[in-house]
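Colleague: In case you want the letters, here they are:
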Amino acid sequence: MTDGPTETEARSGSEDMPLRSLQNAHDESPRYYASDDELLEFYRQMLLIRRFEEKAGQLYGLGLIGGFCHLYIGQEAVAIGLQSALDNDKDSVITGYRDHGHMLAYGIDPNVIMAELTGRQAGISKGKGGSMHMFSTEHKFYGGHGIVGAQVALGGGLALAHQYREDGGICLAYFGDGAANQGQVYETFNMASLWKLPIVFVVENNQYAMGTSTARSSAETEFYKRGTAFRIPGMDVNGMDVLEVRNAAEIALAHVRGGNGPVLMELNTYRYRGHSMSDPAKYRTRDEVQGQREHNDPIEKAKKELIERGRSEDDLRAIDKEIRARVAEAADFAESSPEPEPSELHTDVLVGTY
Amino acid sequence: MTVETQKTAASEKAAGKKGVGADGERRLNMIDAINDALDIMLDRDPNVVVMGEDVGYFGGVFRCTAGLQEKHGKTRVFDTPISECGIIGVAVGMGAYGLRPVPEIQFADYIYPGLDQLISEAARLRYRSAAEYIAPMTVRSPFGGGIFGGQTHSQSPEAIFSHVSGLKTVIPSNPYDAKGLLIASIEDNDPVIFFEPKRIYNGPFNGYYDKPVEPWKKHAQSIVPEGHYRVELGKARKVTEGDELTVLAYGTMVHVAEAVCAAKGVNAEILDLRTIVPLDIEAIEASVKKTGRCLIVHEATRTSGFGAELSALVTERCFYHLEAAVERVTGFDTPYPHSLEWAYFPGPVRIGEAIDKILSE
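Chains A and B are the protein sequences, given in the same order. Letter 319 of the first sequence, counting from 1, is numbered 319 in the working numbering, and no numbers are missing. Letter 323 of the second sequence, counting from 1, is numbered 323 in the working numbering, and no numbers are missing.
To be clear, the hints were calculated from the coordinates, so they are not data collected in a lab. Owing to the predicted nature of the structure, the values given are computational and were not obtained by experimental measurement. Careful, some of the hints might be misleading.
Residues on chain A that point at chain B, a partial pick, calculated with CB under 7 Å [stated by the list, open to error]: (1) K55; (2) Q121; (3) I147; (4) A161; (5) T188; (6) V289; (7) P342; (8) H346; (9) L350.
Reference listing, derived: stretches of chain B covered by chain A, where coverage requires no fewer than 3 residues with Cβ under 8 Å from a Cβ of chain A [to be verified]: (10) 21–32; (11) 112–125.
Note that beta-carbon positions come from the ideal geometry of N, C-alpha and C, so glycine has one too.
Working from the sequences, and respecting the hints, build out all of it.
Modeller: Next up, the structure:
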């Protein structure tokens, strides 16, 4: 841990160039070069999230998923582009309630994710967490948090623990444009920068904080600038292109792994569906959503590029078919698994019982 | 206190001389007992980290962490910004990753910005992850009144935390317990709120505020052995054995109740609850069934205070043994006053009147 006063003296009065250096590096060459196989894998993973979420939406409509369900459709490139750049043996990830995609990006079995959505015993949190609260110690995935912005401070603690243990890991802490207006996010920025914690803050800016557009909720809508007051370099990234996301991720991770403290990345993206399943999304026009789907879709973009590289449409159709079958299996599993025993109500409250 | 005196305290401790009196017994006040517990746990477990506002270089506003940074280094004992929500949130993340953070919130009154993290994250992480993750942490915080702190430096918010499933709440009343309970709390795998009654840091205040303060060294519970020991969470201490009346209390009020009963010559059985979650309901039940009468004393405001829960439990479990209605003596339902502190404080007069009433029925 750094000794505050010395660091502060060294940094004050220096130019703001370091705050823009990562952005400049990204702008110079914004797209990651993926091999054909790699690009195909990104495509497959994004498509799995898309089809999984479509199925979750259907199950919700059928009443099989109760309560809350926040779909990731449209934002797939963010989780795949970022998490593909991590060292899965070392790095930790934490996010908010729109977490299905982040779980799938790890290759976690869709069955146990879907079964958590339907609240079954076989769910990854035994049905006690639900859609918003899923975890995996195996993947160092720390959830899945339903309180807007609260996970960011936990991310700071995970990063502090990486630093304390000197285990070489970093923390990727996601939050949304809505959460970016929570006070504790800035408490965490301050501590993370002060102590040079190994953390990448990721604002997934999907343009709407529930039903309120960024323009109506935020005095500064360019969220990557919001670390400037804490001397955290910012990056403005197109979150609708998996290769741009991956490229930016590599630059940010190299900076953080170099012991230079946090980075704030803004991933500009778009969610096609409402905030949650109960949101008809009347705060935006049909044309706006349609425009994004037609011209900016991350999966279509990857598909087009694969075809340009010589992959046949039949191949891609076969992949889609295979993924649909996998998702259907997950849905069957989630429907047919038993609900938790009533006794589960009282377990896992405290470690010790009394 | 200056850095010089910090060094003196630390070197004394290193030499093992701290607080050893003429009788050869090691007698500490609560501050030194808490410092001792932290020092031992920092030595024993590399995962233990002490953090908070001014806990490092300065040694804590009440000196509970004095000398610890110097001895254990800035990585183990460090200062944080004034960001209570951030401090607790960061501690939850550290705990989830396998550390054992011991954050200090400088006054219990400052804990409210951190409630989001305590309630929605620390207390609930284990349940919603079906035990994949736990958040072991001990939030130390000085609490309670009696020092003219006014409404923002005197409150007793324990009932807020006992109401939150997934948290434990500990309130020591003396140096021996403070050390043993703090060690047990840090070693516990659940998040623990550890409230330190600041009025009794330096002496066992008995409620007679116009009389000279008695120092801890005259009190039996100030004998604090060297080294590691635990006082298990969830076990009440029988302060006095008696058969006329059961008194349930914790923190400062244990001493007030004891003084009043002694002054009145009442043969009371006083239970120091030590921890309100987990609660030693067996000890409470056994005592009330024996005496048939129960007085509950706490400093916090009355409505929905922890006394209400105790009263309900005693009534549910001991109804046919009760000779009189359960009585509560508590703070009033007002903000904690500055100038009228002793009118608010549930002191000897009000406790005495309640005892008279219970015994007359």
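Colleague: State whether the coverage of the stretch 21–32 of chain B by chain A holds or is violated, taking the criterion as 3 or more residues with Cβ-Cβ distances under 8 Å.
Modeller: violated (count 0)
Colleague: Once the shortest beta carbon distance from A161/A to chain B is found, is it less than 7 Å?
Modeller: The hint holds - A161/A has a Cβ within 7 Å of chain B, the shortest such distance being about 4 Å.
Colleague: At a threshold of 7 Å, is the proposed contact between Q121/A and chain B supported by beta-carbon distances?
Modeller: violated, 10 Å
Colleague: Classify the hint on H346/A as holds or violated, based on whether any CB of chain B lies nearer than 7 Å to its CB.
Modeller: Cβ of H346/A sits 10 Å from chain B, so the hint is violated.
Colleague: Report holds or violated for the interface hint on K55/A, using the least CB-CB distance to chain B and a cut-off of 7 Å.
Modeller: This hint is violated: K55/A lies away from chain B, its Cβ roughly 23 Å from the closest one there, beyond 7 Å.
Colleague: A closest beta-carbon separation below 7 Å is what the hint needs, so does I147/A meet it against chain B?
Modeller: Given a least distance of 5 Å, the restraint on I147/A holds.
Colleague: Would you check chain A against the stretch 112–125 of chain B, counting CB to CB pairs closer than 8 Å, and say if three or more residues qualify?
Modeller: Holds, because 5 residues of the stretch 112–125 of chain B bring their Cβ atoms closer than 8 Å to Cβ atoms of chain A.
Colleague: Less than 7 Å between beta-carbons is the criterion; does V289/A satisfy it with respect to chain B?
Modeller: Constraint on V289/A not satisfied, violated at 32 Å.
Colleague: Tell me if L350/A is really an interface residue toward chain B, meaning its C-beta lies closer than 7 Å to one of theirs.
Modeller: holds, 5 Å
Colleague: How about T188/A: closest beta carbon in chain B under 7 Å, or not?
Modeller: Where the cut-off is 7 Å and the nearest Cβ of chain B is about 5 Å from T188/A, the hint holds.
Colleague: Using 7 Å as the Cβ threshold, decide whether P342/A counts as touching chain B.
Modeller: Result: violated, 15 Å to nearest chain B Cβ.
The earlier numbered hints that this structure contradicts are 1, 2, 6, 7, 8 and 10.
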